[in-house]
Amino acid sequence: MSLIETPMIHNLTRALDLASLRQRVVSQNIANIDTPGYQTRDIDFAGEFRKALSGDEADAGSEAVAVRTLRGLEQRPDGNNVSIDRESLLMAQNQLQFQTGVVVLRSEFNRLQLAISGGTNS
Amino acid sequence: MNLFGLLQVSGSALAAERLRAEVVTTNLANSESTHTPEGGPYRRKLAVFESRTESPFQLLMAGTGSAMSGGDAGGGVRVSQVVEDQTPAIRKYEPGHPDADAAGYVEYPDINPVQEVVDLMGAQRAYELNASALSAAKQMIQQSIQILR
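Just so you know, the sequences run in chain order A and B. Per our numbering, the first sequence starts with residue 1, numbered consecutively. Per our numbering, the second sequence starts with residue 1001, numbered consecutively.
Don't read these hints as lab results, they were simulated from the structure. Note that the coordinates shown come from a computational prediction; the quantities given were computed from them, not determined experimentally. There's no promise every hint is true.
Distance ranges between label pairs, derived from CB positions [what the hints assert, rightly or not]:
hint: 1; chain 1: B; residue 1: ASN1002; chain 2: A; residue 2: LEU96; range: 51 to 61 angstroms
hint: 2; chain 1: B; residue 1: PRO1037; chain 2: A; residue 2: ALA64; range: 45 to 55 angstroms
hint: 3; chain 1: A; residue 1: PRO36; chain 2: B; residue 2: ASN1112; range: 15 to 25 angstroms
hint: 4; chain 1: B; residue 1: ASP1085; chain 2: A; residue 2: GLN75; range: 19 to 29 angstroms
hint: 5; chain 1: A; residue 1: ALA66; chain 2: B; residue 2: VAL1083; range: 41 to 51 angstroms
Glycine included, each C-beta is placed from N, C-alpha and C at the ideal position.
Given the sequences, and given the hints that come with them, work out the whole structure.
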């Protein structure tokens, strides 16, 4: 870990990576809302994030996030089980999570900038 | 895997839903067509959707570029083929019609306007849903650009 890359920045980057991956999975579910036989997919955000936090730096980079097929959702007669409500809700939630990550990351960079400039904030 | 990949996923769905709407409106427009270049009456067409997976190249790039590779997050949707409904045509007795057969019957396509309009509404709603997913992805990209400022 370098001087500039604080643990906070490191973790926030992971969170943003996971949020963008989840957004992709949700987009994929929404895109396939009319595809017969398509099964909803999702990632375990909290679990993956915990894994990313606990894992040491060396093997964290090579670790692939598991995209799982979700079971237990109500299935339509054509074998598709995408729920519009679930996906819309997840999309909104995920977007806010991403936004939070970005805002905290920016404030962390601002703090670094403050330290570099010696508190003059210029 | 990057944020711009999101645009492709939603974009592929917009294209597929648009094609579906086009197929449905073609069905509606040709509900009385008794004559086609292939011969015989018009046949109702159906768009078949197929889920797309990421290409091996994309997966490879995802593995090397980003800190996290996403397994098979998926690559959107596409219309794999447009098939013809094999329902037999409706036969009407119209001896004066130029497309009438020897017995005086004309074959009309078996198209139910209600069914087509419902399908069109479905395509429209799905299009809207994907458009909002697209704007969500766009917003996320804009937010990450904010980090640079």
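Original post:
Can you list which hints this structure breaks, lowest number first?
Top reply: 1 and 5
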